[in-house]
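S.K.: Here's the letter readout for the chains.
There are 2 protein chains.
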Amino acid sequence: MLYVILVYDIDETRVAKVLKICRKYLTWVQRSVFEGEITEGNLELLLNELRKTVRDKDNIMIYRTSTKKNFKVEVIGESMKDDFIL
Amino acid sequence: MLYVILVYDIDETRVAKVLKICRKYLTWVQRSVFEGEITEGNLELLLNELRKTVRDKDNIMIYRTSTKKNFKVEVIGESMKDDFIL
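In the order they appear, the protein sequences are chains R and W.
For the first sequence, my numbering assigns the number 861 to the last residue and increments by one with no breaks.
For the second sequence, my numbering assigns the number 861 to the last residue and increments by one with no breaks.
Mixed in with the good hints, there may be bad ones.
Put simply, identical chains are the same to the list, so a pair is met inside one copy or across any two.
Below, computed lysine-lysine pairings styled on BS3-like, alpha-carbon distance capped at 25 Å [stated by the list, open to error]:
no., residue 1, residue 2
1, K832, K795
2, K799, K844
3, K843, K799
4, K832, K847
5, K827, K847
Note that these hints are calculated values from the structure, not bench results.
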C-alpha cells in the first residue's frame, strides 16, 4: 500500500473529468488536491486514466510515499467543506 | 532541515501576495504548488506571514517531511515553464 498526494492544474474544459477520475481512487481535500492510500495496481490504473485525459498545458503532480506517517499536514484557513462546488 | 510541499487555494485578490511570500522561501513548481527544503525557523516565519494574509475561504495545505527521500514525484503533462504567468 502507498500513500499519495495528487495536485492538478487542468484546463477548465477538462477539470470536471479529471476530478471524476480522481474521486474513484482518492479523497478530495482541496480545490485541486487529492490524497489517500492506494495500491500500486490502482495507482497505475489511475495514472493511465489521467494520461489519456491530460492535454496541452495541463499538469498533474503525484507525490507518492510508503506511509502517511512520513508527512505531517498543517492547514491554514478553512478546510474544504463537503458541499464544495468546483 | 525539513522538506515541504505547500498547496494553496486562494482568492484572486490575495493570490499574488501569497505567491510573493512563498517565493521567498520555496520553489514554485505548479500554479498553486511550492516545494523545497526549509529550516524549522524559516517555516515558522513563512507560516506566520501566510496566516496574516489568509482570509475567508482561502486554504493552504502544508505537507512537511524530514527529507525529500521520503517520497517520489511523478509529473503527468507539461511541467511549469519559467515564464509561467499567474
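S.K.: I want to check one pair: K843 and K799. Are their C-alpha atoms no more than 25 Å apart within a copy, between two copies, both, or neither?
M.R.: within (19 Å within a copy, 28 Å between copies)
S.K.: How would you label the pair K832, K847 (within, between, both, or neither) given a Cα cut-off of 25 Å?
M.R.: Answer is between: at 22 Å across copies they meet the 25 Å cutoff, but 30 Å inside does not.
S.K.: Can you give me the call for K832 and K795, within, between, both or neither, at a CA distance of at most 25 Å?
M.R.: Both: 19 Å inside a chain and 23 Å across chains, each within 25 Å.
S.K.: 25 Å Cα cut-off: does K799 pair with K844 within a copy, between copies, both or neither?
M.R.: Classified as within; 23 Å inside a copy, 28 Å across copies.
S.K.: Can you give me the call for K827 and K847, within, between, both or neither, at a CA distance of at most 25 Å?
M.R.: Intra 32 Å, inter 22 Å, cutoff 25 Å: inter-copy only.
The structure is consistent with each of the numbered hints, conforming to all of them.
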